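Trainee: Next come the chains, spelled out residue by residue.
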Amino acid sequence: MKLMKKTVLAAAMSLAAATGVQAAGVSDDVVKIGVLADMGGVYADICGTGCVTAVEMAVEDFGGTVLGKPIEIVSADDQNKPDVGSAKVRQWIEDENVDAVNGLVASSVTGAVTKVLTDAKKIALISTSASHAFTTKACSPYNVHWTYNVAALANGTVKPMVDAGKKKWFFITADYAFGHALEGIASKVIETSGGEVVGAVRAPLGTTDFSSYVLQAQASGADVVGLANAGADFVNALKTSAEFGLTETADVAGLLVFTHNAKALDPAIAAGMKATTGFYWDMDDQTREWSARFKERHGSIPAMGQAGAYSMTMHYLNAIKAAGTDESDAVMKQMKKTKPNDFFARNAYLRNDGRMVHDMLLVSIKDAASRKSEDDIYNIEATIPGDVAFNPMMPACDFK
Amino acid sequence: MITASHNSFVSLGDVMATIFGINLFALSGQLLVGLINGSFYALLSLGLAIIFGLLKIINFAQGAMYMLGAFFAWMALNYMGINYWAALILVPIAIGIIAILIERFLVRPIANEDHLYSLLLTFGIALILQGMFTHIYGSSGLPYSIPDELKGGTKLPFMYLPNYRAWIIVISLIVCGSTWWVIEKTKLGAYLRAGTENPQLMQGFGINVPLITTLTFGFGVGLAGFAGVLAAPVYSVSPEMGSNILIVVFAIVVIGGMGSIGGAILTGLLMGVVEGLTKFFYPEASTTVIFLFMVIVLLIKPAGLFGKEA
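Chain order of the listed sequences is A and B. The numbers in our numbering rise by one with no breaks, and the one at position 313 of the first sequence is 313. Convert by adding 1000 to the 1-based position in the second sequence; the result is the number in our numbering.
One chain only, chain B, in its complex shape (with noise of 0.2 Å):
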């Protein structure tokens, strides 16, 4: 599937349009589809990121809590009328109190233990969340359409772009840039950022850690749930989705540098991208490339892209 002969926008530039045997106006749909594609990797990561970098949890149940939030907008609209808008704030706010739960019950009576700890516990919370809705809902997945007022689509010269993709792809940037400007940015940031450093010292200075500790655990996994949102119309609501991903973005926040928040999101786009040219060049692989380009880093550069310990 290198030429696409029948690209019927050829005709804008038949000279232009191809190089090497490769179709550009095929190429640049599948490079702005890895785009949509990253920007989700990138709020994926973002949460993971956050969570490793400042509070040094290994996160397993990243997964299940996407799945949880895309869970949690179906259960909206079907139970209770919630519409997708709605949901889209609602369920990542109610995800976050459940994480602040976790957080406060279970992760913080370990948390001066080896970090296998955590994250043997958040693992068995995912399978035990997994396994929950598997055995109420199934594992076929459940119908959730895409909100009227994102139906449709724009035609560009290359490729027709559906206007919920196009959504996917600005309000990930939105978020994950105002995340990134919060933390490296304020003053909130800063204390976020000493305390997990040095606990000891900012709680001389008079701020209460556990309780920043506690909310950034709820923010990070908060995301996750906004991304399972974000998720529910465009793919399969099912159980099984949130493991599906999880490696990925595992691999994505280590490829970035553990702990870099701007890291993450850099990647998670460029994983999109790595991932979308190997979907169009050798589809076969597309699995697997993110975890080669893993090891690739690892070995030249173990801190990651973006680390900052050697």
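So that you can see chain A by itself, here it is in the shape it has in the complex (with noise of 0.2 Å):
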């Protein structure tokens, strides 16, 4: 049966191609949206339930139809597991018609269905992955990032720190493709403004214990500690290197700094901390009623991906009803020719890369005699331009 149905898909997919006209409206009337990410893992908070909320949202505020169809949202658990969500993606595909994914955390799941999604000529709309690789050395004429990626957070938080006179730094990496992308890219960014690497330990992912390593980093003689890593490997390294005054005779500066992280940290070891978001909630009326709304729904204040995944599931319904059709081609060419422009995207723009170029924020972790509510985490420090912020386009990847 499943067979037959690839059968079928096929020879409608190769005639469709052949013919090169596309049927204009909505394939099997209705636009559905999956929404892929890890619902019960250590990235559960950043993205999970809540980006399917966001996308429920933007579906109810765009009116629940788009040229006359119904959109629907399916859900799925990746567990963080590249094989797992592939798979699942295949099967939304072949067996429910799904259109675009929404969703996409770990990079390493990312990685394996953005090259299903492709394959199928189908659209991955990224929210919270963070690897640049989906707009560069793995980039596809249908790919979104939307959200911030590695190079954002190099040049938001880790620039100024160089140009500032902390010239020597020391990494304390998550052993994994993210982590190691994320030091790169810093390292990079510091070698060219004139500082230097004096040193890097690579933790695996998992580590309970930093101390070893914050040991390391002190002995390194470093003006700055860079944490390349993410979730409980960012509390716990923070929370050690506090512990052994690291924080008194070095600046430690975490690279990726989810807002519920930052709120689990004590504010007295992680007060003044400087980092780079793609969101804030309370940065103007706009994100605040926004943010609002989602928290009455959801529970929580928005992660910067749930907000992205909302904003971008609006552009992406936006272009459906522009463009006349839910046909992939057509609509990343639309995405691409409209500005978004709503609560999260500022002076924005998607790249024909596929990167979605918008203001993002320098941000430092406020006291704890500061704080109005538990949810008061950030100063806004700076607004970072997006043409400063993101990595320039690889002409490879300049998909018009």
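Fair warning: there could be bad hints in the mix.
Said to hold, decoys possible - Pulled a few chain B residues facing chain A out of the computed Cβ check, cut under 7 Å: (1) Gln1030; (2) Ser1145; (3) Glu1284.
Unchecked claim - From the derived model, a few chain A residues whose C-beta atoms are all more than 12 Å from chain B: (4) Glu56; (5) Glu60; (6) Val252; (7) Met273; (8) Cys397.
In case anyone wonders, no lab produced these hints; they're calculated from the structure. Owing to the predicted nature of the structure, the values given are computational and were not obtained by experimental measurement. Even glycine gets a Cβ: it sits at the ideal position worked out from N, Cα and C.
Can you join these two chains into the complex? Each is in its own frame, and there are hints to help.
Mentor: This is the structure we're talking about:
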């Protein structure tokens, strides 16, 4: 049965490709968005069911239908496993006619899933992954990378510090693709800004005790210790740095800090730390209005990827409406033609390589005394214009 | 990072400080840090070793109970205003009571079945607890501060030793040492060992063996809760914290020799040091080295380093 479906689908696809004529309107009378994320593991808070909620909100705000056809949402847990994620997406495409996949968290899963989607000419709406590969060496005409990436983190957090005279850097890096990418791009930024990387240590993902690494960082004599990790690894590394007095002799910079992790830190040790983020709920009336609605439904303030998931869904649906079809090539073209502009996307445009370029925020973690509520976590220090924050487009990825 | 040339303590004696290109001061720091982690491992593996060695129950919920200990400490502070010191005593008791209920109503009915049944049961309990806490508190973790009395640290010639880490080493060794002494050297311990070795005979002597079994289980699990409270100020309090550490602790119990109480304690310390040195020389292997050690030990001495049975 499955094989038959596959054959029919393949036949239909080759027919469409051969004729080069795309039927206008909505395929199979429904626009279906899949939300794939880690629903119950380490990254559950930064996307997870919150991303599903955000996409639901976008569909409701859009009116529930597009071009007179209903919009449906399906969701699944990828357990942070590339094989689980890509199998699910394959099934979505073959059996459930999913048109686009939103969410997408662990870069390893996104890497596998975007390949499946590109093969099927379906759109990847990447909300929370950090790696910049999806719009550079693994770019695709069907990838849309919305919220942030490692380049923006390095340019946003690292460069101002080097410029301010913090020249010698040491990295404590998560020992997998994301950590390596972040350390690599940050090192490049440091060196081109006249700084120097004096050492690095690769800590396996899920390391509980960082004291050994903190001692090594201390011995290196670095001005700044960059934490190229995320989630619990970041929290544990920072806690230990403070405990061993590293925060007093050197600056400790968190390169990827999610609001939920910042909330899990004792302000006494985290206050003053700077971070780069794609979104903060308490920026202005627009962000507060949307975030309040989100919190009412989901129970917590939105993480940047969740806000991104909403913004991206809106832009996708608007593009279908404007293009008069849900056919991927036409929708991608339309998405790149119109500039997104909402509470999330400021001074924004979708570049031909799929990178959404928008204003990023440099924030610092507030101390306990200046917090007005439990969600009052950041001071906004500066706005980083998108063209400064993000990596330039590679000519090979210029999908017009 | 084998030579740490920026060490500010080198002036104490450059000649002595470096041997074979290895900075001895840096190495001493790493050894001490390893010992601290080792004492933590010792505490966790002790609980498992008691439950396995005396009761022959493979308790896969031990990691979840450790997580529960840390969360209870957080809840006690935030909902009831109970501070760290009180939590250090109250939380293990609470966890022990939960464990006693689990033993009485879930584990005992399947006590005579194959060991796999209790393994699956406790594994299921662990998954339920972890899922429940992820659902309620999310996966990002909760903040818990070091108590004021233990803030700060001492500057040693080779490193800065935070007071809280010194406290971990001292209290773990006290708890481990006294537990070992009670089980191996006292009359109560003798009853306990005899009761699990030959229940029928001990029952005949008028000893209430099921009661001893239940209390032992409660104590062993209570130790995990105790370790959880100890961990709360220094590690991220999150639902995943137990599953991350459980497998390592199981490996330690296996290396030490299943059921050897002293073996579990010594191996815990030793593995802390081995892991610490790996973090210094080749960090990428730090999460693997204990398992490598386990494979080697099992090949050479299948009963474990301190195991009695061949």
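Trainee: Please flag the earlier hints that this structure goes against, numbers listed from lowest up.
Mentor: The structure breaks none of the hints.
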